[in-house]
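**Student:** Going line by line, the protein sequences match chains C and E. Heads up: the first sequence is residues 1 to 450, going by the working numbering. Heads up: the second sequence is residues 1 to 114, going by the working numbering.
It is worth saying that the hints were derived from the structure and are not from the lab. Computed from a prediction, not measured in an experiment: that's the story for all the values here. Glycine included, C-beta positions come from ideal geometry on N, C-alpha and C. Hints may contain errors.
Straight line, CA to CA, 16 Å or less: simulated EDC-like cross-link-like pairs of lysine to aspartate or glutamate [unchecked claim]:
hint, chain 1, residue 1, chain 2, residue 2
1, E, K74, C, E112
2, E, K99, C, E174
3, C, K175, C, D185
4, E, K99, C, E124
5, C, K202, C, E47
6, C, K411, C, D260
7, C, K242, C, E255
8, C, K277, C, D311
9, E, K46, E, E102
10, C, K277, C, E352
11, C, K56, E, E23
12, C, K242, C, E307
13, E, K90, C, E49
14, E, K30, C, E49
15, E, K90, C, E47
Listed next, the stretches of chain C that the computed footprint assigns to chain E, with coverage defined by at least 3 CB atoms under 8 Å from CB atoms of chain E [as the list claims (entries may be wrong)]:
hint, region
16, 53-60
17, 77-84
18, 165-177
Using C-beta positions, here's what the derived DEER-type ranges look like [unchecked claim]:
hint, chain 1, residue 1, chain 2, residue 2, range
19, E, K12, C, G180, 39 to 47 Å
20, E, A41, C, R33, 51 to 59 Å
21, C, E112, E, A109, 35 to 43 Å
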Amino acid sequence: MKRPPLKSPQRRARETSRSRQALEREVTELKARYEEHLREASRAQQELERRMFHLKTLYDVSREIGFLIDTQAIIDNLLLMIVGTFGVERGLILLRDVRENRVEAIAHRGLEDTAEAALKHAVETGLLARLQVSAGTVVLSEHHGTEPLSSIDLHVWIPFEVSESLHGGIGLGEKMIGEGYSPDDSELLVTLANQASVAIQKARAHEEVVRYADKLAASLRRIEILESMKANLAKFVPKTVKDLIEESPEAPLLEKREADVSVLFADITGYTRMSAKIDLDRMNQVVEVYFGAFLDEILRLGGDVNETSGDGLMVIFRDPDPRRHATSAVMAALGIHRRAQETNATLEGYYEPVTMHIGVNSGIAAVGATKIEGAAGERWTYTASGPTTNIAARLAALSEGGSIVISEETKGRLGEEFEVEDLGPQSLKNVAHPVRAFRCIAAAPGAQSA
Amino acid sequence: MTKSQEISTRLKGDVSVIDIRGEVTSQTGKPIEDAYHAVTAAGAKKILMVFASDCYINSGGIAILIGILSQSRKHAQRVRMSGLTAHFQKIFSMVGLTKYAEIHPSEDAALSTF
Numbered sequence: 001m002k003r004p005p006l007k008s009p010q011r012r013a014r015e016t017s018r019s020r021q022a023l024e025r026e027v028t029e030l031k032a033r034y035e036e037h038l039r040e041a042s043r044a045q046q047e048l049e050r051r052m053f054h055l056k057t058l059y060d061v062s063r064e065i066g067f068l069i070d071t072q073a074i075i076d077n078l079l080l081m082i083v084g085t086f087g088v089e090r091g092l093i094l095l096r097d098v099r100e101n102r103v104e105a106i107a108h109r110g111l112e113d114t115a116e117a118a119l120k121h122a123v124e125t126g127l128l129a130r131l132q133v134s135a136g137t138v139v140l141s142e143h144h145g146t147e148p149l150s151s152i153d154l155h156v157w158i159p160f161e162v163s164e165s166l167h168g169g170i171g172l173g174e175k176m177i178g179e180g181y182s183p184d185d186s187e188l189l190v191t192l193a194n195q196a197s198v199a200i201q202k203a204r205a206h207e208e209v210v211r212y213a214d215k216l217a218a219s220l221r222r223i224e225i226l227e228s229m230k231a232n233l234a235k236f237v238p239k240t241v242k243d244l245i246e247e248s249p250e251a252p253l254l255e256k257r258e259a260d261v262s263v264l265f266a267d268i269t270g271y272t273r274m275s276a277k278i279d280l281d282r283m284n285q286v287v288e289v290y291f292g293a294f295l296d297e298i299l300r301l302g303g304d305v306n307e308t309s310g311d312g313l314m315v316i317f318r319d320p321d322p323r324r325h326a327t328s329a330v331m332a333a334l335g336i337h338r339r340a341q342e343t344n345a346t347l348e349g350y351y352e353p354v355t356m357h358i359g360v361n362s363g364i365a366a367v368g369a370t371k372i373e374g375a376a377g378e379r380w381t382y383t384a385s386g387p388t389t390n391i392a393a394r395l396a397a398l399s400e401g402g403s404i405v406i407s408e409e410t411k412g413r414l415g416e417e418f419e420v421e422d423l424g425p426q427s428l429k430n431v432a433h434p435v436r437a438f439r440c441i442a443a444a445p446g447a448q449s450a
Numbered sequence: 001m002t003k004s005q006e007i008s009t010r011l012k013g014d015v016s017v018i019d020i021r022g023e024v025t026s027q028t029g030k031p032i033e034d035a036y037h038a039v040t041a042a043g044a045k046k047i048l049m050v051f052a053s054d055c056y057i058n059s060g061g062i063a064i065l066i067g068i069l070s071q072s073r074k075h076a077q078r079v080r081m082s083g084l085t086a087h088f089q090k091i092f093s094m095v096g097l098t099k100y101a102e103i104h105p106s107e108d109a110a111l112s113t114f
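Please put together the full structure from these sequences, using the hints given.
**Tutor:** The structure is reproduced here in C-alpha cells:
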C-alpha cells in the first residue's frame, strides 16, 4: 500500500494557519451576531419597557382623571401625566369655545408667562381654528397657520373635540432625549386626547347638573320667601281675593262685577270714649281679643272680612242663593253679639264691657277691585261698593249698642225663625229715599243659614 | 402631604438633601416642589434627591421632577439623584431626566460627585 507523501513542516504550518484564521473569522462572526442579538434584545426590552410605561400612564390617567369632576383639574392632571410620559419641559392643554372664539380653559407647564395671553389672542382672532380635529398629531413646523403654537416652542399639537362647540388641543415641546415623536407616540397621544375628551364631557355634565341644582335651590329659596310673603300678605287680604288668586294666579278675576251680596257693618259702641281711657297697646289688645272671637263666627258662616278700621269691620257674604247669604249675615251679627257678651264675662274686672252696633243690608253691589293709582305706585282694595254697602253702613250707625238693624231687603230674605221689630222707614244720610228698617232681636233656637 | 408620602430636607456639607419616601405622583407632587423651593430660597446650589426604596413614581411625578430640573437650570444648581430602583433608573433615562440630573446608586456615591 502506497503511503501519501509526507507534508513538509512549512506546508502544515500554512494549513494550520488557514484553519485558525477561518476559525477566528467564524468566532468573530458569531460574536458579532451574538452582540447584534444582544443589542436587539436590549432594544426589544427597552421598547417593551417603554410600552409598559405608556400602558401604565394610560392606567394612571383613567384612574386619576376618571374621578375628577372639575374641568380645570382634569386638564391640569392630564398635562402632568403627558409631560412626564413623553419627557418634555413644555406642554399645554387648551379648551376653546369654537362658536365664540374664546378660551374656555387652559393648563400649561414650562411656558413663559406671556404665552397664555398670546394663546388667548390667537384663539380670539381665530388663528387656531385651522387645526382640525381630524388632523391627528400635527407636527407644527410642517403645518402652516400654527405660528401661535410654534412661537412658544411647541413641537406637536393633538387636536380633540369635546362637543360641537368645545374643541381642545394638547401641545408638546420637543422631547428632552432629543428624539422626534414616533407613530406609537402619536397613537398614545390621540388615545390620551380621547380620554381627556370623555373626562371633560363627564365633568361638564356634572357641572351642568350642579348649576341646575344651584338654580333649583335658589328657586326653592325664592318660593320659600314667596310663600312666607304670601302667608303674611294673606293676613291683610280678604278670603275672596285669596281664592281668586289661587284659582287663577296669573290673571285673577278681580275686575268689579255686579253681584248679589249681604253686607254687614259692625262697630264698637263708645270706641272713642274707651280709647281715651286706656293706652293704645291695651286698646289694641281689646280689639284683637274681641275681633278674634268675632272672626270665628264670621268665617264659620262664610263671611269675608273685607276691611277693618280701628273700631269696625265690614264683612261681605256671598252665595248663589240670595236667602242663604242674607241669613248667614244676620246669624253672624247675632254671633258677634253673643261672643261679645261671652268675652265681656271672661274679661270682667279687666276691661269695660264692649258692645257692638251692627247693620246688615242685602242687594246688588259692584264687587271687585278698586284701584287707586298715583305717580308713586298703586293700591288695590277688594270691596263691595254702591248703595247696598252705603245703606248697611248707615244702618249700623242707626243701631244702638248691642243691637242689629237690618234693611227690609234683608228681612225679606230671612225665614220665620228670626224675631224682628219693625222700626219703620228711616231717613239715612246720603240715601235718597227712606229705608224701612228692622231690629233683629233673636233667632229661634236651631236657626241656621238656609 | 398625603399619608403615603414623606418629604424632608437636610444638609450634608454644602449639599441640600431632599429625602423622598412613598408616592411621587401628580397628586402628591406639591410637597416635593415646596421642599425644592425651600432649599432654593436658602441658597442651595447643590441638591441631592434621595429616593427611598419604597418610592413609587408615575408619569405625573416625573413631570414634577422635570419641572424642578428646569428650574434648577435657571438657578444654576447642580442636581443629583440616588436610591432609585433599576426600573425607575431606566424610566428616567427613557424620558431624558438623566440629561439634566446624574443618577447614582447610593447617597455617598452621589455626594462624592459634587
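**Student:** If a hint holds in the structure, say so; if it doesn't, say that too.
**Tutor:** Hint check results:
With a C-alpha separation of about 13 Å, the suggested pairing of K74/E with E112/C holds against the 16 Å cut-off. A threshold of 16 Å between alpha carbons decides the hint, and for K99/E with E174/C the separation of about 14 Å falls inside it, so the pair holds. Restraint check for K175/C and D185/C: the C-alpha separation of about 11 Å stays at or below 16 Å, so the hint holds. In summary, the hint linking K99/E to E124/C is not supported, as the alpha carbons are separated by about 38 Å, beyond the 16 Å threshold.
Only pairs whose Cα atoms come within 16 Å are accepted, and K202/C paired with E47/C is rejected, the gap being roughly 34 Å. Proposed proximity of K411/C and D260/C is supported: the alpha carbons are some 15 Å apart, at most 16 Å. Restraint check: the Cα-Cα separation between K242/C and E255/C comes to about 14 Å, which is no more than 16 Å; the hinted pair holds. Proximity of K277/C to D311/C is assessed by CA-CA distance (about 15 Å); at most 16 Å being required, the pair is judged to hold.
Taking the CA atoms of K46/E and E102/E, the gap is near 12 Å; set against the 16 Å cutoff, the hint holds. Among the hinted pairs, K277/C with E352/C is consistent with the structure: their alpha-carbon atoms are about 10 Å apart, no more than 16 Å. For the suggested pair K56/C and E23/E, the alpha carbons sit about 15 Å apart, so the restraint of at most 16 Å is met. Taken as a hint, the K242/C and E307/C pair is honoured in the structure, with Cα atoms around 14 Å apart against an allowance of 16 Å.
Between the alpha carbons of K90/E and E49/C the distance comes to roughly 8 Å, so the proposed pair stays at or under 16 Å and holds. With a C-alpha separation of about 27 Å, the suggested pairing of K30/E with E49/C is violated against the 16 Å cut-off. Pair hint K90/E plus E47/C holds up; C-alpha atoms about 11 Å apart against a cutoff of 16 Å. By the rule of at least three residues with a Cβ nearer than 8 Å to a Cβ of chain E, the coverage given for the region 53-60 of chain C holds, with 4 such residues.
Check result for the region 77-84 of chain C against chain E: holds, 7 residues qualifying (beta carbon to beta carbon below 8 Å, three or more required). Counting residues of the region 165-177 of chain C whose beta carbon lies closer than 8 Å to any beta carbon of chain E gives 3, which reaches the threshold of three, so the coverage claim holds. Against the hinted window of 39 to 47 Å, the Cβ-Cβ separation of K12/E and G180/C comes to about 40 Å, which satisfies the hint. The hint said 51 to 59 Å for the Cβ distance between A41/E and R33/C, and at roughly 57 Å that hint holds.
Against the hinted window of 35 to 43 Å, the Cβ-Cβ separation of E112/C and A109/E comes to about 37 Å, which satisfies the hint.
Comparing the model with each earlier hint shows violations of hints 4, 5, 14; every other hint is respected.
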